[in-house]
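Enquirer: Produce the entire structure from the sequences given, and follow the hints as far as they go.
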Amino acid sequence: MRTRQIRGLIALTNDPALIRALQDLATVGIDVSVVQDLHDLTDELLQHTDAAALVDAAALDAPVDGMVDALTHQLPDLCLMVAGHGAEQLLLASRIANQSVFRFVHKPASTQRLKLFMDAAARSPERTGSIAILATGSSSKDFPARIETAMRGKSPRMLASIGLAVVVASAAAVWAFWPAGKSADRNVAPQVTTTAPVTARPGVAALVKQANLALAAGKYVASDGTGAAELFRVALKLDANNRAASEGYGRAIDQALHRAEESLLAGRLNEASSIAAAVDLIEPRNPRLGFLNSQITREVARVSTDDSQRQAFEAIQVKIRAALASMKDKLKQGALIDPAAGSAVASFREAEAIGANDPTVRSARETLIATLLTAADAELSSRRPPSAKRLVDTARSINSNAPGIDVLYRRVEEVTAQLDAPAPVKAARIEERLPPPAPAPVEDVAAPAASPPASSAGNEVVAASKLRLLRSQTPTYPDRALQQLVSGWVEMEFTVATDGSVKQIAVTNSEPRKTFDVAATNALARYRFAPVLKDGTPVTVRARLTMRFAAQDAK
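Number 482 in the numbering used here belongs to position 485 of the sequence shown; there are no gaps in the numbering.
The reader is advised that the hints may include incorrect statements.
Derived DSSO-like pairs: lysine-lysine, alpha-carbon spacing no greater than 27 angstroms straight-line [what the hints assert, rightly or not]:
(1) Lys234 to Lys511
(2) Lys500 to Lys511
(3) Lys234 to Lys386
Source of the hints: derived by calculation from the structure; they are not laboratory data.
Expert: This is the structure:
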């Protein structure tokens, strides 16, 4: 058992990214030395027996699996760390599983992960902490002879690499990474409670309870939004400070990726691909997901080299292409969700069931969702919120994390409320002198000299008459101007946000100066427009509008 703590790290690498991460590691109180050749590494390890060591597989001149076999035969108690990429990891999969390689570090490695690995190395009691070749009583002079004995019959390039690895693996270091097996610092099966915490928001407790049940049942993610991660995410939307939902979401993602990684190692590529596709819908930038997808792609390519597997893969591609071609035809016909068995959505579901992680299926998913949301927007424009909601619900069932869904749900609620609201009893007199919500009374004015904020649709300023106005606000006529029968106008520029609200109002011109500015900007701030969609996604737009004030009409 280890009787002392790891106090530093000596790394052999010439990778600039890894070197930068190691340099940053030194800023958190860990002594780090970076060497680039075997002689310097040997000297450092023999002088600092309390240091851990990291060897970059790219710095070896021989196959990494041969190095590991020779090392574990000569020094069975070594705690060996190897840094590299997916190819090296797959090559070492069996050795990682049986702990010949205690941890594999996937590059690029972040400073935070390196710090976690060093902390784990300091805690782990699994390995001895001294340099193994010295622990047997041998002196440093015996070191080259012992390497030569272990590698007799190997090539000089292999001998040099294995000599380097023996020295490097002689310093204890524990690395935390998923294929490492049942290590002391890995929480493979976290305890899951099905009792939701008490929350301040109605409905959050029920969502957390449902998510915990899904987590306990092993349903970590699901593309239809019923997985534990998706349910925890909805709870966090309602209560961002809910600790149970936040911790549960992290556990669900971690366990989903762990299951996918185990499926990949076991050769269950379809299962690994399905899980990765579900995680990609809600957390596409997860660093473990990017590595997992690259490993799945490489493994699929390797398997497809076999003739029978290649034929099976091609048959799957034919089925996917046929289903997606059918989806395309249904989109042209406008059969988005009806009839149920002959719609574009039904054809996409067929393709998704065959290969959810296929690039063409992913692209088709984005196209279908954009078409559904655009159709929902058109239904809202025609004042048909029930059919619009049905379209948005279908889009959410395909990808609950798709952009624009929340915005359209809010618009459905607004239009529904407008249709249900009673007609006004009387109109304010001031409405007769102001532009009504229709586009006609809005006047285009030249763009101001100052550059307007950039928008997703470009840098141009559009006339408000080109936007669809959902709600207006009657301005308050200034008392002094009304008493003196002063009339005038105010030219303004503003930004229509992705939810249709008005932001960043700027007065570009007015007459008389500053007489009606405050009244006009206060009224415009209460306006509401239909969000502008670009390829089915809401974008911000800069617009201009002229508001006129007529004293005679206001009296």
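Enquirer: Now tell me if each hint is right for this structure.
Expert: Quick rundown of the hints versus the structure:
no.: 1; hint: Lys234 to Lys511; in the structure: 42 angstroms, violated
no.: 2; hint: Lys500 to Lys511; in the structure: 20 angstroms, holds
no.: 3; hint: Lys234 to Lys386; in the structure: 20 angstroms, holds
Checked against the numbered hints above, the structure violates only hint 1.
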